[in-house]
Amino acid sequence: MTWVLGNLPLIGSLTLEHLAFALPPVVLGLVLAVPLGWLANRTRVGRTVTINVAGLLYTIPSLALFVLIPPLLGTRILDVANVYVALTVYTVALLVRTVADALSAVPPIVVNSATAMGYTPFRRFAAVELQLSIPVVVAGLRVAAVSSISLVTVGAVIGFGGLGKMFTDGFQRDIPAEIITGIVLVLVLAVIVDGLLLFLGRVFTPWDRIGAGRGRR
Amino acid sequence: MIEFRGVTKRFPDGTVAVDDLDLQVRDGGITVFVGPSGCGKTTSLRMVNRMIDPTSGTILVNGTDVMKSDAAELRRGIGYVIQQAGLFPHRTILDNVATVPLLLGWDRKKARTRAAELMETVGLVPEMAGRYPGQLSGGQQQRVGVARALAADPPVLLMDEPFSAVDPVVRESLQDELLKLQSELGKTIVFVTHDIDEAVKLGDRVAVFRVGGKLAQYDEPGVLLSRPADDFVDNFVGRDRGYRGLSFLSSEALPLGELRTAHCGERAEEGWTLVVDPDDRPLGWHHDRAGGGTVDVEDLVPGGSLYDTADGSLRSALDAALSSPSGQGVAVDGDGRAVGSVAADDVLSALADVRRAEAAA
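Residue numbers (this note's numbering), protein chains in the order written: chain A, -9 to 207; chain B, -14 to 346.
The shape of chain A in the complex, shown without the other chains (with noise of 0.2 angstroms):
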């Protein structure tokens, strides 16, 4: 504890710098999966490649992966594009299954009914499947971000910042007591984070809390 009190300031510093490891590769995932999740959708042949390349890449180990990119991006080892391309390659590998999975979920009579309303089919996608899709790719995003939150500690024994830091430095100087606020520190970001998922998945689909669901049918 008193190794806490005394270190207040680093912990802070590498709390935000674990954060802004973690975070934008989620989003970016996100924004990347949803067109890869509706074009997997097409045919048949483009589902089975998507899903499977996806399957494989998230089997990559991420302290290989983080020492692959630099030799394929021609970056620096400890640039934080690595981090970040890395990240994202496994946050787009979890979620384009479940967009696929979300969006072909969504009862092809409601699709229907809004082509024959008139919507565009742009319009549609984004008015009417998207949405219906947020309760399933909310549930994806928020193993995406945790487990991101997660791998962002792997990366600090290749030396890049954030909590994994206080592992490899605990570990390196023998301060137990940063090992363990390390540790801690990973989990309740990762329940503060997955928490906040969840309440803006609900914030945004009120719909689906009610009783009945989507419809009785």
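No lab work stands behind these hints: they were computed from the structure. Heads up, the beta-carbon is just placed ideally off N, CA and C, and yes, glycines get one too. It is possible that part of the hints are untrue.
Quick partial rundown of chain A residues pointing at chain B, CB under 7 angstroms, derived from the structure [claimed, not checked]: (1) Ile99; (2) Thr110; (3) Gln121; (4) Ile182; (5) Trp197.
Following the hints, position chain B against chain A.
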């Protein structure tokens, strides 16, 4: 007006859904497409607003080839009511109804005011405006579907088996309200159903399709029942068509007979007497073997159906006669007051007169 000219729809798998259809839908009435599944009735309907594009032939809406107009724009000008309503589950009832006005670029306030009006028109209470479709019953959802289709005041309304998913009682009241709505708004409605009774009840004209997308007969419902074009239509129209056809024959020329009535507490004569309330509305029948008994409201025999002379058909007159315990059908005026009796024999001779007149014409 909607016109099909030599319209054929062949699907990629080779199935011919609609085969060389020529048909004109009259303005300001309900035209019903009816037939068994796979007869192309729904495909024909959906080609009107380009939910399906024809393989060959032309469909004209108000003289314009639908294939020459922008699909989305065309659809905004044609009301569409879909089976099970197809409401947007993520939008409130009010916003569901306001869909097309908003697509047409109305400002939000005007669109919502209009939507509120429409909700009233179709009999939805204002409290429902803020609810979501999932909170409504099937019948209520279908009303919202109708309101949504009418919101931008389109001249044409397409209805694709709109009432098939609701229970029979609700269906009947929705049908009655559609007829009322149509008489007030004068829309041109094309209505698809597989239910011949619904077709005959709602249609000013009924198009019967046969499997393979051929038009079997296109006529007024009375003609369909009295003179089916062939065995297929005869079969499809079903049992009792002679009796059901009486619905379309006016009972104007039907003579009314005397009807003995009594009020409660009065002394009855021998035989059957119709008991009426102080306003002359029928309550039931009293039967006295010998005469001289007192009419008691507790002791009435329930009456049969009533024959309303204000908008009567031979069918309601005959049914009144057949269902009455006394054998005398009770005729009532528009206010429900008993005005006379009808006998089954008179209905049959009136029918014979109508037939003679038709044969002579």
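Does Trp197 of chain A meet its interface restraint, that is, does its C-beta lie within less than 7 angstroms of any C-beta in chain B?
-> OK, holds: Trp197 of chain A within 7 angstroms of chain B, min 4 angstroms.
For the hint on Ile182 of chain A, just tell me whether its beta-carbon gets within less than 7 angstroms of chain B.
-> It is violated, given that the least Cβ distance between Ile182 of chain A and chain B is near 27 angstroms, above 7 angstroms.
So, Ile99 of chain A near chain B? Judge it on the closest CB pair being under 7 angstroms.
-> With Cβ-Cβ at 5 angstroms, under 7 angstroms, it holds.
Hinted contact Gln121 of chain A with chain B - closest CB pair below 7 angstroms | 5 angstroms, holds
If you take the shortest Cβ to Cβ gap from Thr110 of chain A to chain B, is it below 7 angstroms?
-> 5 angstroms, holds
Against the hints set out earlier in the document, a violation occurs for number 4 only.
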